[in-house]
Structure formats: C-alpha cells, structure tokens
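What follows is the residue order along each chain.
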Amino acid sequence: MIRVTRKLEFSAAHFYHNPNFSAEENRRVFGKCNNPHGHGHNYVLEVTVAGEPDPATGMVLDLKELKELLQREVADRMDHRHLNYEVPELAGKIPTCENIAAVIWRLLEPKITQGRLDRVRVYESADLFADCTAEPNGAGGRK
Amino acid sequence: MSAALKISLTRRYQFAASHRLYSPAFSEAENKRLYGKCGNPYGHGHNYVVEVTISGPVDAETGMVANLGELDPFMVREVIEPFDQRYLNEEVAEFQRCVPTTENICREVYRRLRSFPAAQLERIRIEETSNNSFEFSGEMEASRGSDA
Numbered sequence: 077m078i079r080v081t082r083k084l085e086f087s088a089a090h091f092y093h094n095p096n097f098s099a100e101e102n103r104r105v106f107g108k109c110n111n112p113h114g115h116g117h118n119y120v121l122e123v124t125v126a127g128e129p130d131p132a133t134g135m136v137l138d139l140k141e142l143k144e145l146l147q148r149e150v151a152d153r154m155d156h157r158h159l160n161y162e163v164p165e166l167a168g169k170i171p172t173c174e175n176i177a178a179v180i181w182r183l184l185e186p187k188i189t190q191g192r193l194d195r196v197r198v199y200e201s202a203d204l205f206a207d208c209t210a211e212p213n214g215a216g217g218r219k
Numbered sequence: 020m021s022a023a024l025k026i027s028l029t030r031r032y033q034f035a036a037s038h039r040l041y042s043p044a045f046s047e048a049e050n051k052r053l054y055g056k057c058g059n060p061y062g063h064g065h066n067y068v069v070e071v072t073i074s075g076p077v078d079a080e081t082g083m084v085a086n087l088g089e090l091d092p093f094m095v096r097e098v099i100e101p102f103d104q105r106y107l108n109e110e111v112a113e114f115q116r117c118v119p120t121t122e123n124i125c126r127e128v129y130r131r132l133r134s135f136p137a138a139q140l141e142r143i144r145i146e147e148t149s150n151n152s153f154e155f156s157g158e159m160e161a162s163r164g165s166d167a
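The listed protein sequences correspond, in order, to chains A and B.
Under our numbering, the letters of the first sequence match residues 77 to 219, in that order.
Under our numbering, the letters of the second sequence match residues 20 to 167, in that order.
Please note: incorrect hints may appear among the correct ones.
Here are the simulated lysine-lysine pairs, BS3-like style, with alpha carbons at most 27 Å apart [stated by the list, open to error]: (1) A:Lys169 - B:Lys25; (2) A:Lys108 - A:Lys169; (3) B:Lys25 - A:Lys187; (4) B:Lys25 - A:Lys83; (5) B:Lys25 - A:Lys143.
Pair by pair, the computed Cβ-Cβ distance ranges are [to be verified]: (6) A:Glu144 - B:Ala137: 48 to 54 Å; (7) B:Gln104 - A:Arg82: 54 to 60 Å; (8) A:Glu85 - B:Gln104: 53 to 59 Å; (9) A:Ala132 - B:Gln104: 55 to 61 Å; (10) A:Asp138 - B:Pro43: 56 to 62 Å; (11) B:Cys117 - A:Glu144: 47 to 53 Å; (12) A:Thr124 - B:Asn150: 21 to 27 Å.
Source of the hints: derived by calculation from the structure; they are not laboratory data.
Everything numeric in this text was worked out from a predicted model, so none of it was measured.
Glycine included, each C-beta is placed from N, C-alpha and C at the ideal position.
Please work from the sequences and hints to get the whole structure.
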C-alpha cells in the first residue's frame, strides 16, 4: 500500500466561545482564544490517501483531481473566512483544529473514489496539529 | 455514513540540553568504537524538539481532546523544567542508570507524561537534530514491566 499526501494552506479567523459557559468560565477554559474579536491562523492541511497504484498509470489517484477537490471542499469554504460564522459545517462547534480536522474528513471521505482517505492533518501553527483517522475496526463511539 | 473517527492532537516543545554517550559496561575502546565523537568526556548539546501526541474523545463543550492550558504546564513541570539547560547524564536521575541516547530520552519523556490525566498518551517523537528523529509509543512497556 502507498500513501499519497497533498498539502493545502488556507487562512481563516476564529475564536473559542461556548454559550453554555459563563463569561468567566469561557475565559478560564479558552484563555486568550476567547477574545470575541477573533484572531487568525495560516492553517496547513495535509490530506493522505492510501491505496495500491494502478498498474497502468502508476498512480494511487490523480493528484490534480485531489487538488481540485481540496480547492472546492476546503479552500472555497474556509479560506479567508471566519470559521465561527461562515462555515455551516462548523456551526455549533468550537472551531478547534480537532473539530476542523473531523469536519474536513467528513467532507472529503465520501468524495475520494480512487484509494481511500487515510488521514486528515490540520496544522494551526508549526507547533500544534490535529490528526483525524478512521478508528481501527470502526470500534469506539464518537461524541 | 458516519464512521467512527479517531482524533489526536500533537504539540511541539523544545528544550536545550547537553549529554554524553558513554557506558561503564563497555571498555574505553568499545565506547570509542560505539559512540565516536558523541562520547567526548566534556559532553555536547542539542536543541531537542519534542512532539507529544495525545488522543481521546473530543469534548463537545470545548471542541478539544485536551486543553493546552493543562497539557502545557504538565509538560513544563514534568519535562521542560527538569531537562532544559541541564546536563542530562548528571542532572536527570534516570540517565545515571542508562545512556541518554534520544531513544532513551523518548522512553523517559513517555514515562513522565503517561500519567497526564486528560487524554491518552499516544506517542513521543523527539528530533535530536533536524536529521535525526526518534519515536516511542509505549510498545515495550509491557515487556519492560517491573523496572518502570
């Protein structure tokens, strides 16, 4: 099996706020990320697709198609957007890199027809990233 | 379709420390052959980069596997404070018992972070230099058993 990874950068604004928490609790849990004016990141997305190379083409999948898929599903939705207000898939969720990775997985997974989605990695900064993968054997629940 | 997803979070930290690769179990000649310039008796140093990977359910209220407001101070207390700007061979008790190779530093950092209460520790990955990196995911813990 071969894993192929394609990278995409996008820039977006967000802040962390849970309406179920008091103002004090929001500040305590989320710290400066709670600033209601928001702040931004240059996110780096790495999408990994796994599969066997087609013997005729030598490719697991057509990277141009993957590039276009990432542009359509991720960049067009999230690039230069405010994640709290402008991305319906994140509505009602705190836009952490954990949640962004899971949302991107769910957007891409059904649309990848050559190979299968192996991992979605979202870097919020060089020092922090979240990985989303399929739970082995489909075990374990998801909140 | 709603497959079960696994989410992990990785945070990078840095510390600078000196070490010397030398084992009293070997002769001087064997040490020289095995460790080469890394055995220089005065020691040498690295800017270590430590990647800590944790996993677990994403809390619906916070959107997080674990709050960095908890992970960062835990890491600082357990690893950064005791390791940063230190001579590992002399100043970290574990490395008076074993050679502070980055393999062993991975194991020691893993051992110190295993008790992080808010999430499951998945992996420690350490870059000794930008050319050399090492990973430990706890695989040998069971067979090491009682010496931990």
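Outcome of the hint check:
no.	hint	in the structure
1	A:Lys169 - B:Lys25	17 Å, holds
2	A:Lys108 - A:Lys169	18 Å, holds
3	B:Lys25 - A:Lys187	19 Å, holds
4	B:Lys25 - A:Lys83	21 Å, holds
5	B:Lys25 - A:Lys143	24 Å, holds
6	A:Glu144 - B:Ala137: 48 to 54 Å	39 Å, violated
7	B:Gln104 - A:Arg82: 54 to 60 Å	40 Å, violated
8	A:Glu85 - B:Gln104: 53 to 59 Å	35 Å, violated
9	A:Ala132 - B:Gln104: 55 to 61 Å	57 Å, holds
10	A:Asp138 - B:Pro43: 56 to 62 Å	58 Å, holds
11	B:Cys117 - A:Glu144: 47 to 53 Å	52 Å, holds
12	A:Thr124 - B:Asn150: 21 to 27 Å	23 Å, holds
Against the hints set out earlier in the document, violations occur for numbers 6, 7, 8.
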